[in-house]
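Participant: Residue numbers (my numbering), protein chains in the order written: chain X, 2 to 488; chain C, 2 to 154.
Treat the hints as calculated values from the structure; they're not laboratory data. Please note that a few of the clues may not be correct.
[What the hints assert, rightly or not] Label-pair distances were calculated between CB atoms; the ranges are: (1) X:Gly124 - C:Gly79: 44 to 54 Å; (2) X:Pro299 - C:Phe140: 55 to 65 Å; (3) C:Glu129 - X:Gly367: 44 to 54 Å; (4) C:Glu46 - X:Ala288: 24 to 34 Å.
Each residue gets a CB set at the ideal place from its N, CA and C atoms; glycine is no exception.
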Amino acid sequence: MLNDLHLDRRQLLGRAGLAVAALAVPGVAIAGPALPDWALGVGDVAGDVPMQALTLLHGRAPEDLAGMLYRNGPARFRRGGTASGHWFDGDGMIRAWGLRDGKATLAARFVDTPKRRLEDKLGAMVQPGFGTASRAGSRVTSADDTNAANTAVIAAGGRLLALWEAGSAFAIDPDTLATRGPEVFRSDLAGMPFLAHPRIEPDGRIWNLGLSGKAAFVWRLSASGQLEAGQAIPLPMGSYIHDFTATARHLVIVLQPWVQDHMALPFVESLSWKPELGSKVLVVDKADLSKRRIYELPPFAFFHLGDAWEETDGTIRFDGCFEADPSFGRDAARALVDGRYIPVPSPRLTMVALRPDGRADMTAAGIEAEFPRSEPQLAGLPRSRTVHVGGYLPGRPFASKVGIWDWRTGKDDAHDFGPRQLVEEFVPLSSGKRPLLMGTTINLDTRRSELHLFDARRVAAGPLASWSADMALPVSFHGNWVGRGAV
Amino acid sequence: MKIIAATAAALFGLALAGSAPPAFAAEPVAAAATPSLTVRFAGIETPTGAVLLSLYASEAAFDAGGQPVASRMAPVKGDTAEAVFPGLAPGRYAVKAFHDIDGDGKMGTTPFGMPTEPYAFSNDAIGEAGPAKWAGASFDLGAADTVHTIKIR
Ligand SMILES: [Fe+2]
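Chain X with its partners taken away, still in its complex shape (with noise of 0.2 Å):
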């Protein structure tokens, strides 16, 4: 994607700090009396984050590593005295961690949104959103009024896209992590669903899905992020679905049995847990969306899938991380920000075959596994590795493990950061030919984020560098690495 914008990071990160530097200092607020420790990660940030440096915790990075590791997550959940309903109903932020000649810098910026402005006016979180029930004062004449952009971010044709799933994608200013507005591929698709898990193959062409009930619009991108093609398509059942996969060739589309047979709001109230019905995946051909396979698997619960692949036989293989239930999405990610834990089956690295023949099966790699990711240069061709993190620990929610699973040897390349820790998805870079890691981290002892480098042949090894931030961001979801030169 990614070669059209020459990025110099002095020039971003001076000039996101001038234009931050004036709005109200960050500092994490959280009502409620007796709050867990972890509740930090559910914290609010006041204000938009000018750029500070990092200070390093210890270790030293690649010198000839440069870049961003561009993040999204919610990070206001509360105004006034309400609050939002549910983890994924928080206002979007992203976050710029920077590294260069071997020092790192944070800048983090909210996205500006319809929902955000209008919180912001009304002192109140009045809007509905995934788990979150509307409230007095609510204005909704399009999903894009509820849209939190608060998801994930990518990077193409010279801007950030902030990623939601029910909504637009919002166009972020890579240089000061200015909002631009919703993206608008085309006038016709305005508003349209766009899911946080795009695909993008190798060159950097862009697939992704949105949904509405039992149909899918399938959206094909240039790797400069602009509408190459788009078309609907039946999907088998109406199920949630918060990612896709896809080979070099297909299309791969998880149905789970959590699906959408009644009206009610919020949106998480309208979904039925039905295991009778199984889990479905259907297969379709990038080249032709009207070939098209499907495939019976038992019934599983999934937010995260891993880049698929084709063997020469034709058999078609993914890992996902499924839970036994959707109790995490339905219940406990709810009770996250009042601070409550409810215990609810872990997520567990499996790996599905489709076969030529038609039947498909699951192996479990017999271990915990959120967040999955591997290698962009790989994306949709074969592979054997995949980054997690897992280590989910009694009576708190989060991680506290970063791992690479190996499925040729069956062995997890892993390091624990302790129970003091709250572990963000990790991402797989390079420098040079060096495989590496990076990602972020909340310490709950001295109460700030860390940002951590790992050399990718040696998790175990612990972090090359690590650094830590004068402050705490909640826990965010998914983030991108974009090397300098290279929005």
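Knowing the structure of chain X, use the given hints to seat chain C with the ligand on it.
Facilitator: Frame of chain X; chain C with the ligand shown alone:
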């Protein structure tokens, strides 16, 4: 969210452009007042095309996609447009409107049926997960000529 898309697809199919303007159903009562209603649209952002609007005189027609008592096409002039309904019977009315920016006579929609052209209802009423209802959009027309202004966005 998705639920909005689902309901709006069904409900925003405003039966205005497609239906030919019907004859007045509201016959003015002889010797009684026959006020005119001027509907004025403000805040139009794109100075092209026309505002297509329909006037309803009953909850059943307004909420359930029934027939309007009259429809108009009001050409956009700058950031405003205006339509006049003369000789109405005093009573309760409501308006549905959309701005036909591209002049194709239809409310533009996405492949999932969501509007892509601005629309509005009388009283600037806003629906919950769908078009506004009669309860929020209806207003009284008395014996005197009346101007009702709607902000359309
Ligand atoms: Fe996600």
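Participant: All the hints need checking, so say for each whether the structure fits it.
Facilitator: Right, here's what the structure says about each hint:
As the Cβ distance of Gly124 (chain X) to Gly79 (chain C) is approximately 35 Å, the hint placing it in 44 to 54 Å is violated. For Pro299 (chain X) paired with Phe140 (chain C), a C-beta distance near 57 Å keeps the hint of 55 to 65 Å intact. Remark: the range hint 44 to 54 Å for Glu129 (chain C) to Gly367 (chain X) is upheld by a beta-carbon distance near 47 Å. Taking the beta carbon of each, Glu46 (chain C) and Ala288 (chain X) are about 40 Å apart, not inside 24 to 34 Å as hinted.
Hint compliance for this structure: hints 1, 4 are not met, and every other hint is.
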